[in-house]
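Student: If you want the building blocks of each chain, they are given just below.
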Amino acid sequence: MPVQALFGQVLIGLINGAFYAMLSLGLSVIFGLLNIINFAHGALYMTGAFAAYFLLQWAGLGYWWSLLLAPIAVGLLGVVLEKTMLKRLYHLDHLYGLLLTFGIALIIQGGFRNEFGSSGLPYAIPSQLTGGYNLGFMFLPTYRAWVVVFSIVVCVGTWVVIERTRLGAYLRAATENPTLVRAFGINVPRMITLTYGFGVALAGLAGVLAAPIYQVNPLMGADLIIVVFAVVVIGGMGSIMGSIVTGFTLGIVEGFTKVFYPEASNTVIFVIMALVLLVRPAGLFGRTA
Amino acid sequence: MTATVKDYVVVPPVSVAAAWPRHQMLAFAVMVGLLVIAPFVAYPVFLMKALCFALFACAFNLLIGYVGLLSFGHAAFLGSAGYVSAQSAKVWGLPPELAILAGTATAAGLGLVIGALTIRSRGIYFANITLAFAQMVFFFSVQAKFTGGEDGIQAVPQGRLLGVLDLQQTYTLYFVVLAIFLIGFLIVYRAIHSPFGQVLKAVRENEPRAISLGYRAEHYKLMAFVLSATLSGLAGGTKALVFQLASLTDVHWTMSGEVVLMTLLGGLGTVFGPAVGAFIVIGLEHWLAQLGSWLTIVQGAIFVVCVLTFRRGVVGELSRLLRKPL
Amino acid sequence: MLITRVLVLTIALIAATATAHAQISDGIVKIGVMNDQSGTYADITGPGSTTAARLAVEDFGAAKKGLKVEIVVADHLNKPDVGSSIARQWYDAEKVDVIVDVPTSSVALAINQITRDKGKAFLVSGAASSDLTGKACSPNTIHWTYDTWALANGTGSAIVKTGGDTWFFLTADYAFGHALERDTEAVVVKNGGKVLGKVRHPFPTADFSSFLLQAQASKAKIIGLANAGADTTNAIKQGAEFGIVKGGQQFAGLLVFISDVHALSLEKANGLVLTEAFYWDLNDKTRAWSKRFAEKQHGAMPTMVQAGVYSAVLHYLKAVEALKSDDGTKVIAKMKEMPTDDPLFGKGVVRADGRKIHPMYLFEVKKPAEAKGPWDYYKVRATIPAEQAFRPLDQGECPLVKK
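Chains as they are written, first to last, in our numbering: chain A, 1 to 289; chain B, 1001 to 1326; chain C, 2001 to 2403.
I should point out that these hints are in silico values taken from the structure, not numbers from a laboratory. Keep in mind that the hints are not guaranteed to be accurate.
[Claimed, not checked] List time: in silico DSS-like cross-link candidates among lysine-lysine, alpha-carbon distance up to 30 Å: (1) K2347(C) <-> K2334(C); (2) K2194(C) <-> K1145(B); (3) K2095(C) <-> K2318(C); (4) K1145(B) <-> K2347(C); (5) K1145(B) <-> K2334(C); (6) K1090(B) <-> K2318(C); (7) K1090(B) <-> K2334(C).
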């Protein structure tokens, strides 16, 4: 394969990596700060895409509105889930959180499938982002370029908020020692609820980004969730930078695999995960569990 | 934060000396009695399916209930054994008992390899790495020519067990499957109620202390893992012969999720729980088959309800009511 | 105390076997519609096939003729093990006489075997594998609507003959995808075309950008999509993004249904070339029937699979009436004896290998401006006569065919 064509594949890989990074970001925030393993992340990503679809169909609100409103809607759903169900599991082994969110994912996915079947619903690319640029080695659709840029901004922004601001510091402290932080007058349970809401809102946001290019269908998150998990585990659970870096890297690795051994492109992530976990059991950037 | 199992598994003290506490013997007798009458009352093929899954769940429970490790990749053992058994019976012409043994041996070997690589991990990492290996087995199953891809291996001959028992007769087949289930069940029971089981319990409760006492914890965990994989393989091989089919469904990761559901619903760490859970889940699948997506919703709801309010599972709650281990 | 435990098990058993008991005498013709009611193929087959079967029973006039006909429905979740369980139960315990539809070749092949073992009847409309009338042919099965050979032959040869002589394949990496690719490649090469490359993508795949890039780089005139369902629609949707059609290449959908085009919308799907056995807007008869169908199906037009179910059930009932029996093997033999005639497929015949013959049509998806109403999606590019549309009888390796 000529080197030029390879550039195109790398670029595509980067774009896919952006999705992985955004999804694993939410998952990582939730695990890192709340110790919840959120298996419902894929289903909530799908809910975000559907929210965008509904906003268009029922309220006539287009893509740009959806970017704002859909994550809020999904975040609110997350808040409800946290307050009614997840809250009760904090004192238990986190595998229970995994099983609960797995069950929630099944319910959400089953519910949508019941209503909408599985053929997928159309959602158009917003007119401002159609078309593309001819880069010589490939034709780059504008929308895809937008996805990368926007994702990087969101990822870096989230990282900055959590690692470099006071709010982030409170959040991190609350995880380490909730009692002490509470003693300082900070409403820890509310912060936890909002953090979960924020984490799933990120999933919802990824869903809106995905709606114009992947079909909006109830199963869109189902097989994606185990890949995103692998990304988070490789990066190191709880390390936000780890998830972001691994997400983008995986996209590129997958891109290469699609050229040289395309049948394996769905499985390569698991091979990498097995290798990484054998050498560094806590992931690349993780703290030992 | 170290993952501990104490929080979620209620396993009352197990005595080694009295190998068969009376109430458990009674429960076992009732179970056998019911299963012997059942094929004359209910549809035998459905019952055989439930029995295979009951065995699978018992094997899985060995790992999660007694060792405290949640494996998200057990489908690899069920499915690979199914493929090898099907291939042995159909293409290599082996009689059914050898075909099932071949499948079981495959699962044991696979269990040894995967176990050796994964047993050092714990908690979510263990779940993830077992999932990773299961996905690799899935990939292999899709790519390998002999597995037939999504067609699977079909029209697997049932043959005559030991040259005598004609497995094409439904009732003969049923009692053979029942016998296999009971053998597997008793193996699990014996493993738990033995010095080996006691060491496992010690390792689960406090691994550093067990090591300091001289027990090689990792060896014990690995043995339990291989035993769990082997019995899962037994279930898979038997299932392939009952349904005359080995397919990708059995190696897909959602199958690993299903066995978790069965064990959770039945009762983690109980003796009879996994079997009860398997029957209920298979029954639900059967009953709700007409209603399409409602099945997924109901399964999800069961997970949610079980985790929130019913953590001990059906048999676990019963056990608590009776104040005796079941 | 232990009674509680007994109760738990018993309840589970009873609940599960509630459907396993039926007191049905054999004075009833019981038709089992088994397909994917809620998954990827639900819009292609699903509840629509049930409606089609019911319409066939209605139009046959069972009540007036004194024949009791019942329809049962099940969802096989596209899994061969689920499908075979249901089939066994239906045949053993519920006295179902014939199973119809069954998309997903792996399930169809499993049921094909079980039906043969039990001497019942199987009318396949949904599944694609040409093995059903080839290596796996059976005296108890008729393959009704379409198969991989007919699709490959229709789309492949028609496209090459109209100038699309260089191909690049995008193939789903599983047995069905490989079979479709192999059959189409053979047809393309036979008609003087060339295959410039192929890439196998995992099944299923959400993102095709990398594969589309490879297709673009090959500069083939035609990009053959040897996949189905969501894979096909995703590939087409993303193809629109990457300017495939604008760049002068064309997609050939090797297995596309009208429901897929509906899901994609004409903006994305226009220009797509595909082969189907039926289209609602072909003639007055198809229009009339489709209107009745749409009224019961929330306005959705029938796919060829659903139309096939109607046609098959109608012919089956005629054969049962003529034979005065619902013995599977005998009815299938009768169905091969009697020529078929229905408003949807016109006149046709069922061959010795179980293959039903009828014309196939090469369609092209219209541009949005050309559509005059809802579901006005196709224009006919060519009609392939029945004798040429399907694999010749002697090439299938079917043991039932006497050489």
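Student: Please go over all the hints and tell whether each is borne out by the structure.
Tutor: Quick rundown of the hints versus the structure:
{"no.": "1", "hint": "K2347(C) <-> K2334(C)", "verdict": "16 Å, holds"}
{"no.": "2", "hint": "K2194(C) <-> K1145(B)", "verdict": "27 Å, holds"}
{"no.": "3", "hint": "K2095(C) <-> K2318(C)", "verdict": "20 Å, holds"}
{"no.": "4", "hint": "K1145(B) <-> K2347(C)", "verdict": "41 Å, violated"}
{"no.": "5", "hint": "K1145(B) <-> K2334(C)", "verdict": "38 Å, violated"}
{"no.": "6", "hint": "K1090(B) <-> K2318(C)", "verdict": "39 Å, violated"}
{"no.": "7", "hint": "K1090(B) <-> K2334(C)", "verdict": "33 Å, violated"}
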